[in-house]
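As you go down the protein sequences, you meet chains Y and S in turn. Per numbering that gives the first Met the number 0, residue 0 is the first one in the first sequence, and the count goes up by one each step. Per numbering that gives the first Met the number 0, residue 0 is the first one in the second sequence, and the count goes up by one each step.
Keep in mind that the hints are not guaranteed to be accurate.
What the hints assert, rightly or not - Cut-off 25 Å, straight-line C-alpha distance, at most; resulting in silico cross-link-like pairs (DSS-like, lysine-lysine):
hint: 1; chain 1: S; residue 1: Lys434; chain 2: Y; residue 2: Lys136
hint: 2; chain 1: S; residue 1: Lys524; chain 2: Y; residue 2: Lys139
hint: 3; chain 1: S; residue 1: Lys244; chain 2: S; residue 2: Lys163
hint: 4; chain 1: Y; residue 1: Lys136; chain 2: S; residue 2: Lys305
hint: 5; chain 1: S; residue 1: Lys305; chain 2: Y; residue 2: Lys139
hint: 6; chain 1: S; residue 1: Lys637; chain 2: S; residue 2: Lys655
hint: 7; chain 1: S; residue 1: Lys357; chain 2: S; residue 2: Lys399
hint: 8; chain 1: S; residue 1: Lys492; chain 2: S; residue 2: Lys445
hint: 9; chain 1: S; residue 1: Lys399; chain 2: S; residue 2: Lys471
hint: 10; chain 1: S; residue 1: Lys524; chain 2: S; residue 2: Lys448
hint: 11; chain 1: S; residue 1: Lys471; chain 2: S; residue 2: Lys526
hint: 12; chain 1: S; residue 1: Lys357; chain 2: S; residue 2: Lys244
hint: 13; chain 1: Y; residue 1: Lys139; chain 2: S; residue 2: Lys357
hint: 14; chain 1: S; residue 1: Lys526; chain 2: S; residue 2: Lys445
hint: 15; chain 1: S; residue 1: Lys357; chain 2: S; residue 2: Lys434
Claimed, not checked - One side of the interface only, derived from the structure: several residues of chain Y facing chain S at Cβ under 7 Å:
hint: 16; residue: Asn108
hint: 17; residue: Glu187
hint: 18; residue: Ala349
Said to hold, decoys possible - Pulled from the structure, derived: some chain Y residues nowhere near chain S, Cβ distances all over 12 Å:
hint: 19; residue: Asp39
hint: 20; residue: Ile89
hint: 21; residue: Ile206
hint: 22; residue: Pro259
hint: 23; residue: Tyr368
Just so you know, these hints were derived from the structure itself, not from any lab. On a predicted model such as this, the values are computed, not experimentally measured, just so you know. For each residue, glycine too, the CB sits at the ideal point set by N, CA and C.
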Amino acid sequence: MKKFTCLRVILAMSAMASVLSGRAVEEKLIILDEGMWQADNGRVSYIEDGSVVSNSWFRDVNGYKLGDTPNDIIQINDNLIAISVNWSNIIQFITPEGKAVAATENVPNNRRLASDGRYVYVSSYGHECETVNGTVKFTKGYVAKIDINDFRVVATCEVGYEPEGIALYDGHLFIANTGGYAFQEDHEYERTVDIIDAATMRKVNSIDTGVINLYGTMSQSGQYLCINSPGDYYDIDAAGIIFDCRKALDGDPQPFVVMPYACTYNCTTTDGSFLAIGSRYSYYTGEYTFNYLTIDPGLCIESGGAEGIENRLPGTMVNDIMSMTSPYGIYQNPYTGMFYATDAGSFAGAGVLHQWDPQGNYIGKNGLYINPGHFLALKPDSWNSGVGTIVATPASPDDDNAIYDLLGRRVATPKKGGIYISNGKKFICR
Amino acid sequence: MTLENKDKSEDLPDANINHVCGSTDDYLVSIMRILTPSRLLRRSSSALPLLILALPTFYAGAANTTTPDSVAPDRVDTLQEVVVNADMPLATRQTLSGKELQALSTTSVADALKYFAGVQIKDYGGLGGLKTVNVRSMGAQHVGIYIDGVRLTNAQNGTIDLGKFSLSSMESVELYNANRLERCQAPSEFASGATVYFRTRRPTRDSLSAQFKAASFSTFSGKLNLQTSRRGWQAMLDAEALHTKGDYPFRYHSEYEDTVGRRTNNDIRYYRVEGALFKNGFSSHIYYYYSERGCPGGIVRRLSDKYTNVGREWDSDFFVQTSWRQTLGMHSILANLKYTNEYLRYCTDYPENQNTAKVDNHYHQNDIYSSLSYACAPTDWLSVNAGYDFRASWLSADLKYFSAVRRHDQKAVIAADLRRWGFRLAGSMLYQYYKDFTQMHTGAAKPLKRFTPSVTLGYEGRGFRVHAWYKKIFRAPTLNDLYYTQAGNRNLKPEYTTQWDIGGEYTFAQGQWNASAQLDLYLNKIKNRIVCLPIKGTYTWSMMNYGYTFCRGLNANLNGRVNLADWNLALITSFTLQRDLDRTDPESDLYNRPICYSPTFSCGITAIAAWRTLSLSVSNLYVGKRMWSYADPEDMLKPYSNVDVKVDYSLQFKKKYTAGVTLEVLDLFDVQYEHVPRYPMPGRTLRLSLTFSI
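So here's chain S without its partners, still in its complex pose (with noise of 0.2 Å):
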């Protein structure tokens, strides 16, 4: 194989890069060695081209964009074949990377992550509301988002805003099914029924890059990314401003209503400063983000706009996270270590809002997070994990009759995986230990004791790969679940999630031409839902455990992609085909009814042409009806197709300055549409970016 020029090793999905070398620490090292001519690495019996594995997970590799990493210098180093002996990835997964996820128009890791099989994202509309996803119908809540490898965690609401997140700074998105199954991990990295990986770039050269971007409806943003890379060490700052009114309109039209309109109180203003460094098995990460924004209400009949119901948020997060991995032979060992601080601000005492109680309250929320892992591998078919977490989470409010809550979190798990003849058995036992602290006057919920088991089994040989797992997982009721003032429920029952699932995927590889399939059939049992209901017969609502669901389903990925001189053409598609049942009451009549808001089809296509630095990519995301209530068969969202179209063009001169321009057309047909029922999502949008790079 031959690698056209140095800047194509970023290209290559980093995940697989782990599984070729067995940990992030590894990731340059391996980059290096596979930049070294003639150099043979051998880690395994299973013996693939490189580029297999690149594969499944495709990358569009010549779609130029203009961010710094991706600008394509006019140097090419010829590099000898390589070939790398490696295992195949266990676990169920997709990714994004690279040039790959900046061909697609995304605004944050959310638009991103809607391209994967299986997944739903749940918007309530536009550029400041809510974003969370949903895999395989279990729930926000049972997805893990990780950064670096170390989870994201939101100990009040145990929701994750991925509107909050950028990917102007990330290498790769992935999304597993069940755990990752590296040879060193986390146990929180086991703790949640899917996992999603950002992985932050890591420099390779010094750069300097400036955005300026303009959009529809008021909307404005700058970024600057700063990129050093010196004697081992590589360092990344990215900064962001945004605004925008969100004033977007919209239109419900049928047969009972006509409803023309422009979303009020959709603004939102939002910094976002964030730098990494790294040193080989080292990388750190800090973060800040404020953001202040209108929270707007569903589109509802009223005779005027005299009164809305204006709520207002205004957020403040900071982390900063430190991860440290070693391999020294057979032992490896992984440190995690972050602190968390969250401030949360949500007021409603508005004139104009006539409708709820005035309030504003303030929510405070400090987290720190301390994680070893250790891995044997005491022969080539044996490697062993085990791994101790702790975290310890306060909230504060001044919400009435709430008092200060703190929470302790361990988690301990022992992992082993076996690797023989092309077969590979992976087990987990996670144990999980919570306890809370409040001198609330309900109480704090009884400790939390569960163990929870997973195993994986796969064969991989001649191209092709085939696995069947297990996981049980639960996730514990959150701080807002237990204490919030009435709402709050301190006798509930964690929700579980069962999971099982085979599946397999090909690759083909043959001079320019790559390929693979993936498909995945799966089923999954989640009981105990946690949901805030009315209580029987009184007017009050609290969290209860509620709700048994059954879900089945199939997930398939097909991509290809060809290299034809200045060409390079790209097809990533996804495909989901579910059925989600309702198994809460076998006296009720919504037994075995399909299960609110989940699509029975949905799929995403995209397409990528790039000739030399000009690439054009469409994209057609999906989704079909999905039913909102149970009440009447025309409670239904209606199905939609979202065609985004990309035009990106960067000029080099005086070979170390690149200017790119980017034309982006959001929702290309202006198709209506909602993710939740009467909050409309906005139609056609344009966009421009400007970027200037040294």
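Chain Y extracted, bound-state conformation (with noise of 0.2 Å):
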């Protein structure tokens, strides 16, 4: 504990230093903070190269609250981001920087979002929309199509009851429907995956999984999708799916392997790996059971489940995620290589994200706000100005004394004063 305070103390000193250098920032990372449900306290956390610059960053910037319960945050473009407030009825639109430009409350009931840089598309589980034809209605769930220039609905598509994740593929929407209110309105759950025409926005194939619920996280590394089905926590059992999307749009009847683990919290590696903690929760024993995955969705798939799939996670993250209170997300930043897990503990209280570098090694944490769980990484300083591509480095048997800075990076010769990683501890170079 006394230790990773001094980290966040070292940590914090370094971005400042940074800061009134002018030195660039590798490390950019943007994480929604749930909140606590009709307490209108959703939250928008930044870090900086591993430390927390505010906890309340949209707020910051804008001098007002982003809403009730953010579920989802994408980066559109070089300049735009999206964040579904779910029970605010929102999408807002900020800058990188953090700056509101544009909020619409015609999607209501918001859940999940994906881009294509030009338009928006947000599944929703509400049966309402209001486009630029006017009011549309759903029996069912529906996707909302929405032109960035304007920020309006422009076209819509009716899917399963309750769509949740949604991911683009060649030019079509691949959404995993869960009828997650089965539990309460007449219906049963959903177990298929509605494919949409992306530009049409009509649908042209559902996939049935033989797996109700694809609810939570929905990862997307290519034409591959993981997702998560935490079963009906009576009978019928949590599972994982690996979806091929390449394959479904090519006829495939079965472009899918279906895993007999969870995936309820999953993220994409750098190496197009899928990593997932899966948790199973039965009302029979009141007790719940998990399970950590590293996936390789490729061989997953060509040999249909029997290959691919290793009970892992890189470095120490197993140990460490096990020693959680409530995991509740987990990430790898696409640019530096930094896992991230979350970890909401008692969830009335701050949530805390630890962080690894790129072969798992933990180096420390920092104290984010309630229910923190989705994440954003933005492109490095050193991207934009063209420094080079930053890519995570294996680990190697033979590089036991290798140095890496805190991106990542392996360092030949550290310079005094900077704080690096060896052996997967943190120190400074005097």
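Relying on the hints, combine the two individually framed chains into one complex.
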């Protein structure tokens, strides 16, 4: 505990020094803190180079609050970010500097976002949408297409009940339907992934996965999707799905593999794999079990699930995550290779961000706000200045004494006063 | 002592009368005895003036109100001094009764309870919001609510919405920390961490009263009260109807927002009819309540009012209960019988509601309760109490994956009370046995069997009373906790509270001056709190045992009163200083942090001035700052100070008619405050009541 506090102080001083010296920021991370339901305290945390710049970033920048229960965040292009604020019925658009640009309430009960840089696609549990052609009503859920030129909904498409995950591949949207209100409403859980032509917003196919309630984070790695199914918490167990969008578009009747593991929180890695923290719960026993997966989706699909699924996470991540109170999200920064996971704790206190280097060696933690669970990394300054691409360096048995900076880059000659990592431990070069 | 008129007898807080006479059935007998000149009652060795018995839970006697019982006849019966030898009450308790109760600006019983030390009210806003009471931070489900000695229960969620009960038919409201400690009590009276007793007023003459009330936010209500007293029987019928839009304005003003609006979906329409019948030790009560109300949500950022989270609720509650208490020599017996039927419909299936599942669920509860207790006092220094309770509850609902549940709840208690040389020692051992039956596919929870003790030691003398007590008790998981679809957890353990208290009180009475002071220091521990949390690493929520709370506090009451010719002046105060700490996880950053929603300091001050039939009462309730999350120091509910003013005047004409008018201003300074973040409470509210009585 004391160690981490010291680390925070050191990192904060380091960040301050970088600002004062005008040094380029290499790690920029936005995290949505969901807050507490109906308490209007959804927040945005912003982290630079390992230290928290603000746990109320949106509010600090704009002078007003974000709203209630932010649920997803994506980068649309270099100048625009979208945040779905679920209980406020708002889709908030901001710049990468956090400045609010526009907001729309035309897609109530919005859930998850995808974008092709020109349009934003939003899944919604609602049954009504305000479009350029007037109000459209739906029996089930729907996907809305928002033109970022005027932030209006230009088209919609009805999908299954309570659609959740949404991904864009080869001009098509892939929607994971949950039917999550099935235990309250008069319909059953959904089992389908709907495929929509993004240009025409017409449904072109619906793939029955045979697995119910496709709920939670849905990560994408190229043509592959990682989809979670928590089951019904009674008779149907949790599962995970690796879905091949290419095969689905090519007409393969079964373009997916169902894994006997949950993928409750999952993310895409820089090498194209999926990492997943899975939890299964049964109302019969009141007990839950965890699994921790690294999935090679290509190998998994090719082998029909026989290969490509490993019960491990990089470095010490499994043990570190097992010691958390309530894991709430996992992420790898695509620019720096750093790994992150959040712990929501008791759900009434500040959540915690844990950080690992690209090899999975634990670096430290930072306090955030309530229920932090959704990540977006921004391009490092060096990318914008053309310094070059940072690629996570895989661990090698021969690299035992290799030295890395905080962004995971191997350093041949550490500079005096700098903070580096070697053999999984931080040190200050003196 | 001189009693100025007959009605004064009603002003005696009957809790004290019970301690004089030992039990409820002696109540009327005792009054008759008191009204009999020169009659001395001798029950114990402690001799105290009767008026002292009315303290420290103090009454503001002459604050005239317009209810039938409080109409002062012009006849004055002058009686000789009465001295009663009686026990001081042993329990830690606070009482509001008679006209003191009516001097407060209240709309429901919850409003009265907030004037007690150590009480926190949780109110989801306005007239229609759920109102629950939390005593010494133990949680609402550790507070037993009793009407005429029989407990109100809700097997479904264990919480009683105090907004459903009116004070208009109540004689007194009493709060006991731990047990009441009467000679003959039912086991269920021992089975909660704190107990609140509402006692229905027993009519002493025939009367008919009608009241019309108009208040801010389109609030209108009418009330009819009929009372009769003949040949030893007393009967009461009270009916009320209310309608309000509840669309009060609110404002959130801070560095980050300036939100101004009106509360929506906050309307309520209710009807309440209740009656009671008494004769000596027999009492019965019948109650029916029907309401339709909006369930307003939290005020969150929205771009317009186009989509709102509309939920509506319909309640229908009925109960009929009867109680019989008889004392013959050293033997006392108490029998209770009750039937309760409750219906709840909750609907969110409205077009403007886009955010939640569209549900239309119906819940039905039936509950029968029977109890038999026996007490024996073989000597003047010992009494023993034994009792057995049986309750059967049925819950059915049209939830998916839900089947009807039946619960059998049995309790047995044995208690002893020793008194000698001013000392008193009371102890009890309670046994509880819960067993559920259901066809639900999760199966029924395992039967729950537990013994829990309590011990109280007291000493009294020269106007002083000191006491120390210990009590351990649990609350059983409710049927919702165990079986609610996609939340219930049948493996829950009971939530335990352990309480220690040491305190004392001093009473003073001389001439027309009366005063009392009461101080209690306490320590509570609560373990295995039953809470609903998201399950680790899944997206579903479930009831869990999570949490350990350590609470230390101080409750104090200071009261005073003086009668000067036509003037009556009174001051009633209560103070709470409390520190609740989270002791759940020593490894957590939250360990030893204060519990959310719990203020460190709160106090209530009420001043009453009455001149003949004109009275003015001013109340100020202060509640200190409370944190509502641990995440940020700014997640704090601001302290607030609520000042209520009430002016009441009644006029008697033709000797048998009385007309009264009451004007109330609640939250005089229009302070914007919250009990729950983003659920604003109403600001300044005006209320005008007209009453006509025969």
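Consistency of the hints with the structure:
Restraint check for Lys434 of chain S and Lys136 of chain Y: the C-alpha separation of about 48 Å exceeds 25 Å, so the hint is violated. Taking the CA atoms of Lys524 of chain S and Lys139 of chain Y, the gap is near 49 Å; set against the 25 Å cutoff, the hint is violated. A C-alpha spacing of about 17 Å is found between Lys244 of chain S and Lys163 of chain S, which places the hinted pair at or below 25 Å, so the restraint holds. Restraint check for Lys136 of chain Y and Lys305 of chain S: satisfied, since their Cα atoms lie roughly 15 Å apart, inside the 25 Å limit.
This hinted pair checks out: Lys305 of chain S and Lys139 of chain Y have alpha carbons roughly 20 Å apart, not beyond 25 Å. Simply put, Lys637 of chain S and Lys655 of chain S have alpha-carbon atoms about 50 Å apart, too far for the 25 Å limit, and the pair is violated. Between Lys357 of chain S and Lys399 of chain S the alpha-carbon distance is near 13 Å, which keeps this suggested pair within the 25 Å criterion. Only pairs whose Cα atoms come within 25 Å are accepted, and Lys492 of chain S paired with Lys445 of chain S is accepted, the gap being roughly 10 Å.
Distance check on the hinted pair: Lys399 of chain S and Lys471 of chain S sit about 37 Å apart at the alpha-carbon level, beyond 25 Å; violated. Restraint check: the Cα-Cα separation between Lys524 of chain S and Lys448 of chain S comes to about 21 Å, which is no more than 25 Å; the hinted pair holds. The suggested pairing of Lys471 of chain S with Lys526 of chain S holds, with an alpha-carbon distance near 11 Å, which does not exceed 25 Å. With a C-alpha separation of about 24 Å, the suggested pairing of Lys357 of chain S with Lys244 of chain S holds against the 25 Å cut-off.
Restraint check for Lys139 of chain Y and Lys357 of chain S: the C-alpha separation of about 12 Å stays at or below 25 Å, so the hint holds. Distance hint between Lys526 of chain S and Lys445 of chain S is fulfilled; the C-alpha atoms sit about 20 Å from each other, no more than 25 Å. Taken as a hint, the Lys357 of chain S and Lys434 of chain S pair is broken in the structure, with Cα atoms around 33 Å apart against an allowance of 25 Å. The interface hint given for Asn108 of chain Y is met, as the beta carbon of that residue sits about 5 Å from the closest beta carbon of chain S, less than 7 Å.
Interface hint status for Glu187 of chain Y: violated, as the beta-carbon distance to the closest one in chain S is roughly 10 Å, over 7 Å. Because the smallest distance between the Cβ of Ala349 of chain Y and any Cβ of chain S comes to about 4 Å, under 7 Å, the interface hint for this residue holds. With a minimum CB-CB distance of about 4 Å to chain S, Asp39 of chain Y fails to clear the 12 Å threshold, and the non-interface call is violated. A beta-carbon of chain S comes within 12 Å of the beta-carbon of Ile89 of chain Y; the shortest separation is about 6 Å.
The Cβ of Ile206 of chain Y lies farther than 12 Å from every Cβ of chain S, with a closest approach of about 22 Å, so its non-interface assignment holds. Every C-beta of chain S lies more than 12 Å from that of Pro259 of chain Y, the closest at about 16 Å, which supports listing it as non-interface. Its beta-carbon lying about 5 Å from the closest one in chain S, Tyr368 of chain Y breaks the requirement of being farther than 12 Å from that chain.
The structure shown violates the earlier hints numbered 1, 2, 6, 9, 15, 17, 19, 20, 23.
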